[in-house]
Amino acid sequence: MKKLDTRAVCAAFVFAFVARAQAGPIVLVNGDFESGSLAPWAQTLDKGGPVNWTLTTSVVHTGDYAAMARGNKMLFQQVADVDAREVTSVSFALLNSDATFNAYRFFYSDQTWKEFTVDPLDDNWHVYEVSQNLDRSKTLTGLGIFGVNGGNTYWTYLDDVEITVVPEPATLLATSLALLALRRKR
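Here the sequence shown is numbered in the numbering used here, starting from 26 and rising by one per residue.
These are computed hints drawn from the structure, not numbers from a lab. Possibly wrong hints are sitting among the right ones.
FRET-style restraints, in silico, Cβ to Cβ [said to hold, decoys possible]: (1) THR69 - THR142: 16 to 24 Å; (2) ARG161 - THR79: 33 to 41 Å; (3) ARG161 - ASP89: 34 to 42 Å; (4) PRO75 - THR113: 36 to 44 Å.
For clarity, every value in this text was computed on a predicted model and none was experimentally measured. Ideal Cβ positions, reconstructed from N, Cα and C, are used throughout, including at glycine.
With the sequences and hints as input, model every part of the structure.
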């Protein structure tokens, strides 16, 4: 029975490491807003509009919460410095009630930023993968996503914001060693 317990513990250890290695380091916090708070997101730029970024439970992409704003306001999160060459995906779910374009910005360690837009074709949720617009020669330090100011109702809903990176070599090494150890015990 003791041997079975050791194997179960080793299997759980390996599973945890493999799952962590596949996901890579956590870059963005509360991208799904499921903490019930906007933090550590912050509205950092306000170019007009009647409603600041807040949470909603009535219009969500997944889970119980999404962020929403009415106006040209940027929701921003500073992230731990990450080499943009290691980013494999940057994505977010967006619903724009007037189907007009939304801007987003990548911020870099050299104090520069680049702005791009997504252009919803309708007033449904869409997931945008935007990593192709990263400047791969720089270090990413933040992400900002704007609501929209225009149209009749101009509500913007945001959910499931993710930045995925390549797993760091140490995690890959630990995972490989754990798998070898488990294999040898058999």
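Outcome of the hint check:
Checked against the given bound of 16 to 24 Å, the beta carbons of THR69 and THR142, roughly 18 Å apart, stay inside it. Between ARG161 and THR79 the Cβ separation comes to about 34 Å, which falls inside the hinted range of 33 to 41 Å. A hinted range of 34 to 42 Å holds for the C-beta pair ARG161 and ASP89, which are about 35 Å apart. The given range of 36 to 44 Å is respected by PRO75 and THR113, whose C-beta atoms sit roughly 38 Å from each other.
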